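*Asks:* So the protein lines, in turn, are chains A and X. If you're matching positions, the first sequence starts at 1 in the working numbering and goes up one per residue. If you're matching positions, the second sequence starts at 1 in the working numbering and goes up one per residue.
The hints are simulated quantities; they were obtained by calculation from the structure and are not laboratory data. It should be emphasised that the depicted structure is a prediction, and the values quoted were computed from it without experimental measurement. You may find that some hints are simply not true.
As the list claims (entries may be wrong) - The calculated label-pair distances, taken between Cβ atoms and stated as ranges, are:
id : chain 1 : residue 1 : chain 2 : residue 2 : range
1  : X       : 88        : A       : 224       : 52 to 58 Å
2  : A       : 169       : X       : 187       : 25 to 31 Å
3  : X       : 73        : A       : 110       : 20 to 26 Å
4  : A       : 19        : X       : 73        : 55 to 61 Å
5  : X       : 300       : A       : 187       : 51 to 57 Å
6  : A       : 37        : X       : 22        : 57 to 63 Å
7  : X       : 176       : A       : 110       : 27 to 33 Å
8  : A       : 258       : X       : 135       : 52 to 58 Å
9  : A       : 169       : X       : 176       : 33 to 39 Å
10 : A       : 141       : X       : 117       : 39 to 45 Å
Claimed, not checked - Examples of chain X residues toward chain A, derived with CB under 7 Å:
id : residue
11 : 107
12 : 110
13 : 125
Said to hold, decoys possible - The following residues of chain X were derived to be distant from chain A, with all beta-carbon distances above 10 Å:
id : residue
14 : 18
15 : 19
16 : 68
17 : 75
18 : 82
19 : 84
20 : 108
21 : 224
22 : 284
Note that CB positions come from ideal geometry on N, CA and C, so glycine has one too.
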Amino acid sequence: MADTQLRARRFRLPKRLRNAALLIGAAISSTIILLAIFAPFLATHDLAAMDMVNRFSGPSFEHLLGTDNFGRDIWSRLIYGARISLTIAIIAVTCSAIIGTIVGLVSGYFGGWIDLLLMRLTDIFLGFPPLLLVLAVVAVLGPGLFNVAASLVVVSWTEYARVVRSTTLSLREQNYVQAARALGASPWRILLREILPNSLGPITVLASLGLGTAIVWESALSFLGFGLPPPAPTWGWSLSYGTRFIRDEPWLSVVSGAAIMITVLGFNLLGDGLRDVLDPRHKTRG
Amino acid sequence: MQHDGSALLQVRDLKVHFPIRQGVLQRQVGAVRAVDGVGFELARGETLGLVGESGCGKSTTGLALVGLIEPTAGQVFCEGVDVARAGRAAALRFRRRLQIVFQDPFSSLNPRQRIRTILRAPLDIHDVGDPSSRDERVIAMIERVGLRADQAEHFPHQFSGGQRQRIGIARALMLEPDVIVCDEPVSALDVSVQAQILNLLADLRSELGVSLLFISHDLGVVEHIADRVAVMYLGKIVETGPRDTIFSSPRHPYTELLLNSVPSLDPRRRHKFQASSIEVPSATSKPSGCAFRTRCPLATAECASTEPPLSPRDDGRALACHNR
Chain A
1 MADTQLRARR
11 FRLPKRLRNA
21 ALLIGAAISS
31 TIILLAIFAP
41 FLATHDLAAM
51 DMVNRFSGPS
61 FEHLLGTDNF
71 GRDIWSRLIY
81 GARISLTIAI
91 IAVTCSAIIG
101 TIVGLVSGYF
111 GGWIDLLLMR
121 LTDIFLGFPP
131 LLLVLAVVAV
141 LGPGLFNVAA
151 SLVVVSWTEY
161 ARVVRSTTLS
171 LREQNYVQAA
181 RALGASPWRI
191 LLREILPNSL
201 GPITVLASLG
211 LGTAIVWESA
221 LSFLGFGLPP
231 PAPTWGWSLS
241 YGTRFIRDEP
251 WLSVVSGAAI
261 MITVLGFNLL
271 GDGLRDVLDP
281 RHKTRG
Chain X
1 MQHDGSALLQ
11 VRDLKVHFPI
21 RQGVLQRQVG
31 AVRAVDGVGF
41 ELARGETLGL
51 VGESGCGKST
61 TGLALVGLIE
71 PTAGQVFCEG
81 VDVARAGRAA
91 ALRFRRRLQI
101 VFQDPFSSLN
111 PRQRIRTILR
121 APLDIHDVGD
131 PSSRDERVIA
141 MIERVGLRAD
151 QAEHFPHQFS
161 GGQRQRIGIA
171 RALMLEPDVI
181 VCDEPVSALD
191 VSVQAQILNL
201 LADLRSELGV
211 SLLFISHDLG
221 VVEHIADRVA
231 VMYLGKIVET
241 GPRDTIFSSP
251 RHPYTELLLN
261 SVPSLDPRRR
271 HKFQASSIEV
281 PSATSKPSGC
291 AFRTRCPLAT
301 AECASTEPPL
311 SPRDDGRALA
321 CHNR
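Same shape as in the complex, but just chain X:
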């Protein structure tokens, strides 16, 4: 599915800073700038893959979107309406439209609740339908994600990791959301099970027209499922564009580095690009100018003084680099 112009979800200049406090008075001495000005758009039915190495802020972005972390700054628009300014009732409605699937299928289900109870909770909380019809919806959803109806009475420990992740997806789908944030949904699973879950997500997406914000460090997985890709480095998006464009001709040196680090069987995929340093700068004291310049082979004096803006290029991508 392609970008049709009308953004379902629009994120502008999202920032999440965690204060570092020290001393008896707990004075703020600095901040971890986990997410430092992230912006993107998500169209209905579209899948945006958010990639980057550990600690680049991709998960934090997802958690801030679903309201689990309070953003420091930034705006989120849902169909053009600023969510933060729309009031409490609208904020609750927005929560209903935006759901999350977690990485760890083991800690994401309450061990003391039956699957039926877990899947009913979203309906109970938002008072959807009459109470008697809720169980029917639960059963329908259980079967939809590929489990058996009688498994509704089971407890989480009776399921495998893949099955638990199906339950996690079912829970996210119970409220018929418009967007699902998938926070590394398959990285805790075996490769064979990963494929099953990815196919399930792809089926549900085309069937229900739900948009996915697919957060992952696994480029192979993202290439499989995403329509568009956004590459994050140290709290910022450095390159974004249609999947094929990004994967076949990466322009940002960091994207190139990432793709290069994937072991590939395809010789045409081999890039002749090496980072000059493996060391990732800390999010508390980022380099001046372009954050990637300490590892970039193309870095110039300009990179140290001014930060390159994420600017649109002619082939549908946006890029934050002075030299490409």
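Just chain A, with the same shape it has in the complex:
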């Protein structure tokens, strides 16, 4: 159900290019992750160092991607921005996946009123417009790395819960689960050893797609001024601030926007590619 919806919405690459998608996605994502990890070594300038003579300069050997309105080095700020975006995205995706998986497993396996309760709870979360929910949570918690991540968890755990619930429902009827029950295995043992390992494929796919989504959300929050406050070099804020000068000096916005776009594209390609590899139901369709 959730699968077909996703499939309908998402642009599908021709079959021949599927594995190429995985490779390109993996290449882009790992490059971004490496840039973020080694940012202190790769940064050419101090983040706050202003060079007022060279404001809005284009790319040069001195400033690889040019400078912003204060003459700060965009390349250095960009890779530090990647750190912020990725940290928030990884925390958000990990927590969402854990919470959603637990809810999905319990809901799908035990069924009955537990399922009813947990799924109606999920519906309540899904019922809110996600942007409003995220903004409300950040407004209550205040800005900060963990608070932004927490706000993203609030809107993204439901997807894991639903997908894991549906895989649990079908796996529960498998004979090997029945066999474990007949042996007298406890529900926890069955969930952790029989059902969870067989649900990891869809969870991995969702998580890699979720990283892209989380980065978009984080950028959107920063763009709106609800993310980490300046002088944190977030991509969203750079993009938003760049729009003030976009008529004369579009460079700042273009670079920030491109960073967001390429990163999200990378994680989405990775996720799509992983789905084709991990989910046999999608493999043969062209």
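For this one, chain A is given, so just place chain X on it according to the hints.
*Replies:* Then chain X, alone, in the frame of chain A:
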């Protein structure tokens, strides 16, 4: 092995009804009476073949016995002790003594676990022996069912259907159970492999003294392995008795119909009996009286009004029919 009187397992009036719910309020509007009062006994080392056509409730009976389906009513006695009333600890012990082998050898093994892990699970769950000795037991069992010790590290997809069924049998045997419910254990296999698995089951039975409840729709297979046979029709046992008695002289019209439907090379096996209707009544709205009367050529007015009880006859069989 013959029935020696002391029943290891006794099932009395077992019923499994699945409610049919309809409407917004999910009101119960009826029930599928999949198993509707089944009773039998199983002696130590004995094999009881449970036969009947699809949907007669034979598999449901097996699943209810091993606790995978909650029975609606009925009692199960293990060596004279009522399992349901004996408490949690006793219920867990009972589970240990009663294991199941499934029909589908492909879905019955977790694709992500090595054979060693799959076979260790029963020992881990019931905390049998010390952890270091468990692997040795696993290896011994793998060799016992005719696989190689090094195959313990393989994954299920590396095996054929017959080999997987051997693993399924090995898993059921790990806890040294008294009874194994075999739910159509060979019907998903090729005929040549069927014989191997049946011989394995027969060997294990005589070696370990384990009793089998052998559920199958394949009369040839049942004739090969069972000591006694129980024939089910629409959730009830209609005829039961020693294998040779049932197969050589079936008395219930339904048993006769079943045997007649097996293509036989032996001309003495040909029965001159035809059912008047092929249509099987649904388990939600069974005919009054005898459930088989709608298909029975011998049906009388009595069959429609009163249900024939399963009553013992002089030749060791029990029969539920007014007219035979």
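*Asks:* Determine for every hint whether it applies to the structure shown.
*Replies:* Results for each hint:
no.: 1; hint: X:88 with A:224: 52 to 58 Å; verdict: holds (57 Å)
no.: 2; hint: A:169 with X:187: 25 to 31 Å; verdict: holds (26 Å)
no.: 3; hint: X:73 with A:110: 20 to 26 Å; verdict: holds (25 Å)
no.: 4; hint: A:19 with X:73: 55 to 61 Å; verdict: holds (57 Å)
no.: 5; hint: X:300 with A:187: 51 to 57 Å; verdict: holds (52 Å)
no.: 6; hint: A:37 with X:22: 57 to 63 Å; verdict: holds (59 Å)
no.: 7; hint: X:176 with A:110: 27 to 33 Å; verdict: holds (31 Å)
no.: 8; hint: A:258 with X:135: 52 to 58 Å; verdict: holds (56 Å)
no.: 9; hint: A:169 with X:176: 33 to 39 Å; verdict: holds (34 Å)
no.: 10; hint: A:141 with X:117: 39 to 45 Å; verdict: holds (43 Å)
no.: 11; hint: 107; verdict: holds (4 Å)
no.: 12; hint: 110; verdict: holds (4 Å)
no.: 13; hint: 125; verdict: holds (5 Å)
no.: 14; hint: 18; verdict: holds (15 Å)
no.: 15; hint: 19; verdict: holds (14 Å)
no.: 16; hint: 68; verdict: violated (6 Å)
no.: 17; hint: 75; verdict: holds (20 Å)
no.: 18; hint: 82; verdict: holds (19 Å)
no.: 19; hint: 84; verdict: holds (16 Å)
no.: 20; hint: 108; verdict: violated (4 Å)
no.: 21; hint: 224; verdict: holds (24 Å)
no.: 22; hint: 284; verdict: holds (22 Å)
Hints 16, 20 from the earlier list are contradicted by this structure; the remaining hints agree with it.
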